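Remember, the working numbering sits 136 above the position in the sequence shown when you count from 1.
Hints listed in this document are in silico derivations from the structure and should not be mistaken for laboratory results. Among the hints, a few may not be true.
[Claimed, not checked] Derived EDC-like pairs: lysine to aspartate or glutamate, alpha-carbon spacing no greater than 20 Å straight-line:
| hint | residue 1 | residue 2 |
| --- | --- | --- |
| 1 | Lys-164 | Glu-234 |
| 2 | Lys-164 | Glu-244 |
| 3 | Lys-142 | Glu-261 |
| 4 | Lys-164 | Asp-226 |
| 5 | Lys-259 | Glu-244 |
| 6 | Lys-158 | Glu-200 |
| 7 | Lys-159 | Glu-200 |
| 8 | Lys-159 | Glu-255 |
| 9 | Lys-164 | Glu-261 |
| 10 | Lys-164 | Glu-143 |
| 11 | Lys-195 | Asp-225 |
| 12 | Lys-159 | Glu-188 |
| 13 | Lys-194 | Glu-255 |
| 14 | Lys-195 | Asp-223 |
| 15 | Lys-164 | Glu-238 |
| 16 | Lys-142 | Glu-256 |
| 17 | Lys-142 | Glu-167 |
| 18 | Lys-164 | Glu-198 |
| 19 | Lys-259 | Glu-161 |
| 20 | Lys-194 | Asp-162 |
| 21 | Lys-164 | Glu-243 |
| 22 | Lys-158 | Glu-188 |
| 23 | Lys-159 | Glu-256 |
| 24 | Lys-159 | Glu-235 |
| 25 | Lys-158 | Glu-256 |
| 26 | Lys-195 | Asp-157 |
| 27 | Lys-170 | Glu-261 |
| 28 | Lys-164 | Glu-153 |
| 29 | Lys-170 | Asp-248 |
| 30 | Lys-259 | Glu-167 |
| 31 | Lys-195 | Glu-212 |
| 32 | Lys-170 | Asp-226 |
| 33 | Lys-142 | Asp-248 |
| 34 | Lys-158 | Glu-234 |
| 35 | Lys-194 | Glu-153 |
| 36 | Lys-194 | Asp-223 |
Because the structure is a prediction, the values reported are computed rather than measured.
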Amino acid sequence: MANSEKEFSPFVRRACEVLFDKKAEDIKIIEVGKFIPQITNYFIIATANSTEHMNALKKHLEDELALMGARLHHSEGSKNSRWMLLDYDDFIIHIMLEEAREFYRLEELWGDAPRWTYEETFKRED
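The whole structure should be built from the sequences, with the hints applied where relevant.
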(Lines of atoms letter the chains of each structure in order from A; the text may use other names.)
(Lines give C-alpha, C1' and ligand atoms only; values in the text may rest on other atoms or scores of the structure.)
Protein backbone atom coordinates (compact mmCIF):
# COMPACT_ATOMS: atom_id res chain seq x y z
CA MET A 137 0.00 0.00 0.00
CA ALA A 138 1.45 3.37 -1.00
CA ASN A 139 1.82 5.99 1.69
CA SER A 140 -1.01 8.16 0.42
CA GLU A 141 -3.44 5.26 -0.03
CA LYS A 142 -4.22 4.61 3.64
CA GLU A 143 -7.93 3.92 4.01
CA PHE A 144 -9.27 5.93 6.91
CA SER A 145 -12.92 5.80 7.93
CA PRO A 146 -15.21 8.54 6.56
CA PHE A 147 -15.39 9.96 10.10
CA VAL A 148 -11.60 10.28 10.42
CA ARG A 149 -11.42 11.80 6.94
CA ARG A 150 -14.16 14.33 7.72
CA ALA A 151 -12.62 15.27 11.07
CA CYS A 152 -9.32 16.04 9.33
CA GLU A 153 -11.09 18.01 6.60
CA VAL A 154 -12.95 20.12 9.17
CA LEU A 155 -9.77 20.81 11.12
CA PHE A 156 -7.95 21.81 7.94
CA ASP A 157 -10.82 23.94 6.60
CA LYS A 158 -11.11 25.76 9.92
CA LYS A 159 -7.38 26.56 9.98
CA ALA A 160 -6.12 24.11 12.60
CA GLU A 161 -2.37 23.64 12.26
CA ASP A 162 -0.05 20.63 12.19
CA ILE A 163 -2.78 17.98 11.83
CA LYS A 164 -1.42 14.51 12.64
CA ILE A 165 -3.07 11.10 12.65
CA ILE A 166 -1.38 8.46 14.80
CA GLU A 167 -2.41 4.81 14.52
CA VAL A 168 -2.36 3.67 18.15
CA GLY A 169 -4.74 0.70 17.84
CA LYS A 170 -2.08 -1.99 18.07
CA PHE A 171 -0.82 -0.43 21.30
CA ILE A 172 -4.14 0.43 23.01
CA PRO A 173 -6.89 -1.44 21.11
CA GLN A 174 -9.21 -1.35 24.13
CA ILE A 175 -9.20 2.48 23.99
CA THR A 176 -9.05 3.61 20.35
CA ASN A 177 -7.49 3.04 16.94
CA TYR A 178 -6.43 6.57 16.02
CA PHE A 179 -5.42 9.83 17.61
CA ILE A 180 -6.01 12.96 15.57
CA ILE A 181 -3.94 15.82 16.96
CA ALA A 182 -4.21 19.45 15.85
CA THR A 183 -3.06 22.83 17.09
CA ALA A 184 -5.41 25.78 17.62
CA ASN A 185 -4.06 29.34 17.74
CA SER A 186 -6.25 30.51 20.67
CA THR A 187 -8.87 29.24 23.11
CA GLU A 188 -11.56 30.83 20.93
CA HIS A 189 -10.21 29.00 17.89
CA MET A 190 -10.10 25.74 19.88
CA ASN A 191 -13.74 26.16 20.96
CA ALA A 192 -14.80 26.89 17.38
CA LEU A 193 -12.95 23.80 16.11
CA LYS A 194 -14.63 21.65 18.76
CA LYS A 195 -18.10 22.93 17.83
CA HIS A 196 -17.55 22.48 14.09
CA LEU A 197 -16.23 18.95 14.62
CA GLU A 198 -19.16 17.97 16.85
CA ASP A 199 -21.68 19.42 14.38
CA GLU A 200 -20.14 17.93 11.22
CA LEU A 201 -19.53 14.49 12.68
CA ALA A 202 -23.04 14.37 14.19
CA LEU A 203 -24.48 15.09 10.72
CA MET A 204 -22.65 11.96 9.53
CA GLY A 205 -24.05 9.89 12.40
CA ALA A 206 -20.89 9.74 14.54
CA ARG A 207 -21.59 9.36 18.24
CA LEU A 208 -19.47 11.39 20.64
CA HIS A 209 -18.67 9.03 23.49
CA HIS A 210 -16.91 11.50 25.77
CA SER A 211 -15.31 14.94 25.74
CA GLU A 212 -12.94 16.76 28.06
CA GLY A 213 -11.75 20.33 28.40
CA SER A 214 -13.48 23.56 29.35
CA LYS A 215 -13.80 26.73 27.30
CA ASN A 216 -10.60 28.06 28.87
CA SER A 217 -8.56 24.85 28.58
CA ARG A 218 -5.28 24.50 26.72
CA TRP A 219 -6.34 21.03 25.49
CA MET A 220 -9.69 19.61 24.42
CA LEU A 221 -10.42 15.97 23.73
CA LEU A 222 -13.29 14.47 21.71
CA ASP A 223 -13.60 10.69 22.06
CA TYR A 224 -15.50 8.94 19.26
CA ASP A 225 -14.38 5.43 20.35
CA ASP A 226 -12.61 4.47 17.08
CA PHE A 227 -10.71 7.76 17.08
CA ILE A 228 -9.91 10.46 19.61
CA ILE A 229 -9.40 14.07 18.57
CA HIS A 230 -6.94 16.18 20.57
CA ILE A 231 -7.18 19.94 19.94
CA MET A 232 -4.36 21.70 21.72
CA LEU A 233 -2.86 25.13 22.07
CA GLU A 234 0.74 25.20 20.88
CA GLU A 235 2.25 25.44 24.38
CA ALA A 236 0.23 22.42 25.57
CA ARG A 237 1.20 20.41 22.51
CA GLU A 238 4.86 21.20 23.06
CA PHE A 239 4.61 20.35 26.76
CA TYR A 240 2.76 17.01 26.45
CA ARG A 241 4.46 15.84 23.22
CA LEU A 242 1.91 13.15 22.34
CA GLU A 243 3.67 12.46 19.04
CA GLU A 244 6.84 11.50 20.91
CA LEU A 245 4.93 9.38 23.41
CA TRP A 246 3.62 7.29 20.49
CA GLY A 247 6.87 7.45 18.53
CA ASP A 248 6.69 3.82 17.31
CA ALA A 249 3.17 4.18 15.91
CA PRO A 250 2.51 4.81 12.21
CA ARG A 251 1.55 8.41 11.54
CA TRP A 252 0.26 10.69 8.83
CA THR A 253 0.09 14.43 8.27
CA TYR A 254 -3.07 15.94 6.81
CA GLU A 255 -2.93 18.95 4.47
CA GLU A 256 -5.86 18.34 2.09
CA THR A 257 -4.51 14.79 1.65
CA PHE A 258 -2.99 12.21 3.96
CA LYS A 259 0.78 11.84 3.78
CA ARG A 260 2.59 9.05 5.60
CA GLU A 261 5.49 10.11 7.79
CA ASP A 262 8.49 7.83 7.94
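Verification of the hints:
For the hint linking Lys-164 to Glu-234, the alpha-carbon distance of about 14 Å falls within 20 Å, and the restraint holds. The straight-line distance between the Cα atoms of Lys-164 and Glu-244 is roughly 12 Å, inside the 20 Å bound, and the hint therefore holds. A threshold of 20 Å between alpha carbons decides the hint, and for Lys-142 with Glu-261 the separation of about 12 Å falls inside it, so the pair holds. Note on Lys-164 and Asp-226: the hinted pairing holds, with a Cα-Cα distance of about 16 Å set against a maximum of 20 Å.
Between Lys-259 and Glu-244 the alpha-carbon distance is near 18 Å, which keeps this suggested pair within the 20 Å criterion. As the CA atoms of Lys-158 and Glu-200 are separated by approximately 12 Å, the hinted pair is consistent with the 20 Å bound. Note on Lys-159 and Glu-200: the hinted pairing holds, with a Cα-Cα distance of about 15 Å set against a maximum of 20 Å. The hinted pair formed by Lys-159 and Glu-255 meets the criterion: a straight-line CA distance of about 10 Å does not exceed 20 Å.
At most 20 Å may separate the alpha-carbon atoms for a hinted pair to count; Lys-164 and Glu-261 meet this at roughly 10 Å. A hinted pair counts as satisfied when its Cα atoms are at most 20 Å apart, and Lys-164 with Glu-143 qualifies at roughly 15 Å. For the given pair, Lys-195 sits about 18 Å from Asp-225 by alpha-carbon distance, which is consistent with the 20 Å threshold. Taking the CA atoms of Lys-159 and Glu-188, the gap is near 12 Å; set against the 20 Å cutoff, the hint holds.
Straight-line distance between C-alpha atoms of Lys-194 and Glu-255 comes to about 19 Å, which keeps the hinted pair within the 20 Å bound. Annotation: proposed proximity of Lys-195 to Asp-223 holds, straight-line Cα distance about 14 Å (limit 20 Å). Under the criterion of a C-alpha separation no larger than 20 Å, the hint pairing Lys-164 with Glu-238 is consistent with the structure, at around 14 Å. Restraint check for Lys-142 and Glu-256: satisfied, since their Cα atoms lie roughly 14 Å apart, inside the 20 Å limit.
Of the supplied pair hints, the one linking Lys-142 and Glu-167 holds, its CA atoms being roughly 11 Å apart against a limit of 20 Å. Restraint check for Lys-164 and Glu-198: the C-alpha separation of about 19 Å stays at or below 20 Å, so the hint holds. Taking the CA atoms of Lys-259 and Glu-161, the gap is about 15 Å. The hint holds against a cut of 20 Å. Under the criterion of a C-alpha separation no larger than 20 Å, the hint pairing Lys-194 with Asp-162 is consistent with the structure, at around 16 Å.
Between Lys-164 and Glu-243 the CA atoms are separated by roughly 8 Å; this keeps the pair inside 20 Å, and the hint holds. Between the alpha carbons of Lys-158 and Glu-188 the distance comes to roughly 12 Å, so the proposed pair stays at or under 20 Å and holds. Between Lys-159 and Glu-256 the CA atoms are separated by roughly 11 Å; this keeps the pair inside 20 Å, and the hint holds. Under the criterion of a C-alpha separation no larger than 20 Å, the hint pairing Lys-159 with Glu-235 is consistent with the structure, at around 17 Å.
The suggested pairing of Lys-158 with Glu-256 holds, with an alpha-carbon distance near 12 Å, which does not exceed 20 Å. Taking the CA atoms of Lys-195 and Asp-157, the gap is near 13 Å; set against the 20 Å cutoff, the hint holds. Annotation: proposed proximity of Lys-170 to Glu-261 holds, straight-line Cα distance about 18 Å (limit 20 Å). In summary, the hint linking Lys-164 to Glu-153 is supported, as the alpha carbons are separated by about 12 Å, within the 20 Å threshold.
Straight-line distance between C-alpha atoms of Lys-170 and Asp-248 comes to about 11 Å, which keeps the hinted pair within the 20 Å bound. Restraint check for Lys-259 and Glu-167: the C-alpha separation of about 13 Å stays at or below 20 Å, so the hint holds. Between the alpha carbons of Lys-195 and Glu-212 the distance comes to roughly 13 Å, so the proposed pair stays at or under 20 Å and holds. Taking the CA atoms of Lys-170 and Asp-226, the gap is near 12 Å; set against the 20 Å cutoff, the hint holds.
Between the alpha carbons of Lys-142 and Asp-248 the distance comes to roughly 18 Å, so the proposed pair stays at or under 20 Å and holds. Note on Lys-158 and Glu-234: the hinted pairing holds, with a Cα-Cα distance of about 16 Å set against a maximum of 20 Å. Using a Cα cut-off of 20 Å, the hinted pair Lys-194 and Glu-153 holds, with the two alpha carbons roughly 13 Å apart. The straight-line distance between the Cα atoms of Lys-194 and Asp-223 is roughly 12 Å, inside the 20 Å bound, and the hint therefore holds.
When held up to the earlier numbered hints, the structure conflicts with none and fits them all.
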